[in-house]
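*Asks:* Required output: the full structure, derived from the provided sequences and hints.
Residue-level listing of the chains:
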Amino acid sequence: MPEAREIKLVLEDGSVFVGKSFGCHKSVAGEVVFNTAMTGYPESLTDPSYKGQILVSTYPLIGNYGVPSKETENGIPKFYESDRIHISGLIVSDYSFEFSHWNAGHSLSEWLVQNEVPGIFDIDTRELTKLLRDKGPLLGKIVVEGEDVAFYNPDNDNLAAMVCTTEPQVYGNGKHKIVLVDTGAKYNILRCLLKRDTTVVRVPWDYDFTKDDYDGIMLSNGPGNPAVYTQTIENIKKALQGDKPIFGICLGNQLMGIAAGGSTHKLKYGHRAHNHPVRKVGTDTCYITSQNHGFVLDTDSLAKDWEPLFVNINDNTNEGIRHKSKPFFSTQFHPEASSGPTDTEFLFDEFIGLIEDYKNK
Amino acid sequence: MKKDVKKVVILGSGALKIGEAGEFDYSGSQAIKALKEEGVYTVLINPNIATVQTSEKLADKIYFLPVTPYFVEQVFKKEKPDGLLLAFGGQTALNCGVQLFEQGLLEKYNVEVLGTPVKSIIDTEDREIFAGKLAEIDVKTPKSIAVTSVNDALKAAEKIGYPIIVRAAYTLGGMGSGFCSGPEELKMRADNAFSYSGQILVEESLKGWKEVEYEVVRDAYNNCITVCNMENFDPLGIHTGESIVVAPSQTLSNSEYHKLRELAIKIVRHIGIVGECNVQYALDPYSEDYRVIEVNARLSRSSALASKATGYPLAFVAAKLGLGYGLHELKNSVTKVTSAFFEPALDYVVCKIPRWDLNKFTGVSRQIGSSMKSVGEIMAIGRTFEEVIQKGLRMVGQGMHGFVGNQPLKDKDVRTELTEPTDQRIFAIAEALEQGMSVDEIHELSRIDRWFLEKLKNITDLKNKLGEYQTLESLPDKLLIEAKKLGYSDFQIARTVLKTSNLKMEEGLLEVRAHRKSRNILPIVKQIDTMAGEFPAQINYLYMTYNGSTHDVEFEKDGLSVVVLGSGAYRIGSSVEFDWCSVNAVETVNEQGFRSVMINYNPETVSTDYDVCSRLFFDELTLERVLDIVDLEAPKGVVISMGGQIPNNLAMRLHRQNVPILGTSPEDIDRAENRQKFSSLLDELGIDQPRWNELTSIEDIYAFVDEVGFPVLVRPSYVLSGAAMNVVSNRDELQHFLELAANVSKQYPVVVSEFIEQAKEIEIDAVACNGEVIAYAISEHIEFAGVHSGDATIVFPPQKLYVETIRRVKRITRKIAAALNISGPFNMQLLAKDNDIKVIECNLRASRSFPFVSKVLKVNFIDIATRVMLGLPVEKPNKSLFELDYVGIKAPQFSFARLQKADPVLGVDMASTGEVGCIGDNIHDAVLQSMLSVGYRIPKKNVLISSGPLRDKIELLSAARMLMEKGYNLFATGGTHKFFQENGVETTLLHWPDEPEKSPNTMEYIRDKKLDLVVNIPKNLTKGELKNGYQIRRSSIDFNIPLITNARLASAFINAFCKMSMDDISIKSWDEYK
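Each protein sequence line maps, in turn, to chains A and B.
Counting in the working numbering, the first sequence runs from 16 upward without gaps.
Counting in the working numbering, the second sequence runs from 8 upward without gaps.
What the hints contain is simulated information worked out from the structure, not anything from laboratory work.
All of these numbers come straight from a predicted model, not from anything done at the bench.
By construction, the Cβ of each residue, glycine as well, lies at the ideal position given by its N, Cα and C atoms.
Take the hints with a grain of salt, since some may be wrong.
What the hints assert, rightly or not - Calculated cross-link-like contacts (lysine-lysine; reagent style DSBU-like; alpha-carbon spacing at most 30 Å):
| # | chain 1 | residue 1 | chain 2 | residue 2 |
| --- | --- | --- | --- | --- |
| 1 | B | LYS472 | A | LYS35 |
| 2 | A | LYS376 | A | LYS295 |
| 3 | A | LYS190 | B | LYS472 |
| 4 | B | LYS472 | A | LYS85 |
What the hints assert, rightly or not - Computed footprint of chain B on chain A; a stretch qualifies when at least three of its residues, placed anywhere within it, have a C-beta under 8 Å from a C-beta of chain B:
| # | stretch |
| --- | --- |
| 5 | 113-123 |
| 6 | 350-357 |
*Replies:* Here's what the structure looks like:
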């Protein structure tokens, strides 16, 4: 193992964790959040929803299988969730300098350096996690010697604008035309749609798609506070006047909820895991889901035409909503997984089914 | 939604055997707890009397009967249950359940199988149906052809292409399975496999692929979770029970992990599991290609491991699901607020390492492969792989100190060891790395993933860095911390830095400890909470690590906690009985208002179930770790007498560090443990013992033998090859043994003892308080002395001891208890010949037979002993062995079938892997129950007797007469045939294996399975005799014919089944014996 330089994490409550540097050796600030997943660091690091956040992995051994090749398919990378790392910094307990995997292109450390993202290892991530759990998400900064930075709260910024596509892009050539409203979409949403005979038009967060020709709307995941994205909400409101199917994921669930008259609040410390249980409301059918969100929709705030679709079994928070008569539904969790369990990928089939029903009407 | 069931029968797994061990005590106990919580009346059938599940506080009714359809049917008749649980007793229970179903008995008695339906079980057990089932949902299984003859097997192999693997259907842990690289090998393997099963499979070999397992749970609502995945360190080709295993998987990407997870759920749904199921995969190391290699529709060794690895109580939940609950209707028993429908997130890594005891057997191959040979396992928890592998290798308890810092391997070629692994492979990797072999080369030879090897190399690299320092003062703290983070023990650091000599290790490691403490380099206590810290958890399930900076729990240090040291890895000589003792001690500690603190690391135990104690440290039982815990807990004291020899050996060492030891003082323990001191004590007390001496030269040995006469028992302290102990009966044998097997010198003395033939062996288990005996139980062995007490068949209360003998034993016991001022449990073994009593061994701790005598006498010796140790008042139980109106028998279970080539013979070294204990109205009743429980069958018609020395021939004569009168066909080998003829017993002569041209031949009869019972008594150690006898014994095992190798036991068994039939066997529950 090579010698590593000292680097530290400073939290807004004054706590300091000293560790060793394995990424880009520089100082950054952001919101510190933890994720309890045991696999999928290449996917998480490239997930635009993490924009502005410093990510703590509770699973201690990270870097084991390196990072995958840059191979592309349908114009997007095959193994990543976007074109670059979006987290501001990575914090782990035990970094594997040596990696081993048939599909690995290079090490996690090299990749962090290329993307100019710092990484810390050799700190007590369980202690840090418990602190974040008890105090809620804290602002924090990774500091290298002689280079201090100010704390930064990403919730005040329009993060989607920073991570989304700048102009409409078309993918695939299938029979259903879907508008993907990119507020920070993960590529696996695109892949899940393209697998199902679709043409996907990926549009920027504030793009007014309502006058375009399309069969369905996909509201993507994304970072930050949903209340910031007023233009997106306005566009969704317009779409809700119509009858074309809409499927929202994560931030998409919150935006659809707000567009339908609801409100959101910030969870104490968010859901970032591969093991969150949800139940389909009114049934005994349950799913294990992949989650990554800090804000959540207030179920009670929904307008009367709407109803909860899924609920979190652990804390009863909202996990999805649907319109009582129109083909609109959304989930707070990630049916596209990547990373995480694939139990709910069938929702994409249901979405396509709604589109077919709509077309056959 | 709960089903309406009121009374449920639970099938246990019987005696511990290779492939089916303590894990089923754990899963069965959990199932019983779950049912009781629901108010269901529980009836347990399990002859394993040493288990926790057969204790009075668990099941409502317990039958110590064989787990076979006949006996289960009798229990059905009597108990009229409405439900049956068969997924909690391993393959034994599952096979029994399938037979009950096929014989229509479930329907006949209107008993519903709770959980996975039998039909689904059959789908997973019959490989052809199984492959077909999976093909229906496009899930890949290895290319495989089922055949029923050797010829078809050869054809199938041609089609698939060598190398291939042969598997027998319906067997425990891969028995009869193996790789074949060509037709010759296949012929042999197939022959053998057909002796276990009518159907075998010829399959494509996936040697070198990764092996990955998932533990899946499904409820009746079709909700599924995977509780844990695990990755084998050893690639496919080595049975998962023989592999080092880590959880969660380490080298799988997210896409691989979830692809296999998704498939596992798909399979489990398609098969229709309700409860728990294990899916094993082979995964191509160069792509995402995979094969499903096995599905176990029951709780398994892996599921017990997964439960301990995650904190998710799989068996408990599976039992609830069997009652009809949905996962979402149950709570996570760790957080108590979140749902049981979730998948544990680990923030640590665990490593399981098997423990083998192959040196206990003569002739056995040490290679590990597709069939299981290990007898136990350990689990290590930590936050780096280096930490867990080093902890784990220490826990295995075979004199290793971790990955490095061990004695060099003896007579091993590193490269051969890497390609053809034995139980020593991991240490061969250490040697290879120390010799400078590259990770790539080790990978090429072993096919072990480079990731694991790189981590191991980190350990070796650090050793080299540490070695550059000579003193602790010069060693930088940074380096010392790094060493601890990589799992180095103080011992390893002493050896590497201080270069402490072997003789001064204790001082060395204590010096490291003192230095470390002065520098504030201390381990941290972390919780296992199933949620990686996401939710607050009041959980007492703990481990220690150096990869952390704050404790998860606070320590009261109020002197109200009592630390109980557990038994460590199951091994030959120490297994579930010590877990029973530990659990009972913990229960008494709890009941008496103290907080119990358990330390143990065996994932197959109930003592490591976190709901048993106030605080569980799933960690090492080394001096270092116990001191670490004592420092944090500041307990009232430590109980070292419940977990067998591992904690017992710590007594003096802890005492020297001023740790309060509860019970008998460590100095007195030492007086019993130390051969010399104990011998002098016996002399002082005027108690007889066999003459013995510790000798350092061959001449002295001969001189001593001239004095005491043959036979003698020889115990070398340094063994070159073969057994550690042996009885020799003449000069030639002695010479042979000393030259070939042992090293004799000042450094390695040999203990020679007089060996008394035809003596009865007697055991006494007792509890004393301040030197006064409070409770005792005297039992006798059926076999004469010379068979290890762990392999002997023990009768309690004794049926054939003189009253005078019993009186003398009691007198001796009282004297010794007083002389050693015993406070707590102890056990003695004695020899009796014509009322002459000699003491052969004394252990001031609980023994293997404590659960047996406690349960037969219905007086809990451990409870009494624990009260004594806590300093509480105790009363003498008012029950004595003379008042019992029934008989208990403890019989050993051997696993020779698993240990290819091992000579299935009993001797002074223990060879059994488990035991049963049955109770009957008389001795025949109890003998039959216990023999049937360990796998014997009452012979139908043909019995072969090959009876060895004259006295054994005489011993067997009346049994042979009885067989003849009962109409059995008797067969005998040369001498026996002649002897029987002269004494009026008709037998058919079968020729010896080394006269293959002569017919009828023993080998032909065994191969054609014409014999229903083989009695073969080893005569002496001459080569010809050994070869013939060995062949008969070994092939009997290989062809699954019941074999008895002791004349006294054979007599007892034959007597029993001649005097009573199956129908006469008592079907009585434990509480009916009053």
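*Asks:* State for each hint whether it applies.
*Replies:* Verification of the supplied hints:
{"no.": "1", "hint": "LYS472(B) with LYS35(A)", "result": "20 Å, holds"}
{"no.": "2", "hint": "LYS376(A) with LYS295(A)", "result": "27 Å, holds"}
{"no.": "3", "hint": "LYS190(A) with LYS472(B)", "result": "64 Å, violated"}
{"no.": "4", "hint": "LYS472(B) with LYS85(A)", "result": "38 Å, violated"}
{"no.": "5", "hint": "113-123", "result": "holds (count 6)"}
{"no.": "6", "hint": "350-357", "result": "holds (count 6)"}
Going down the numbered hints, you'll see the structure goes against 3, 4, while the others check out.
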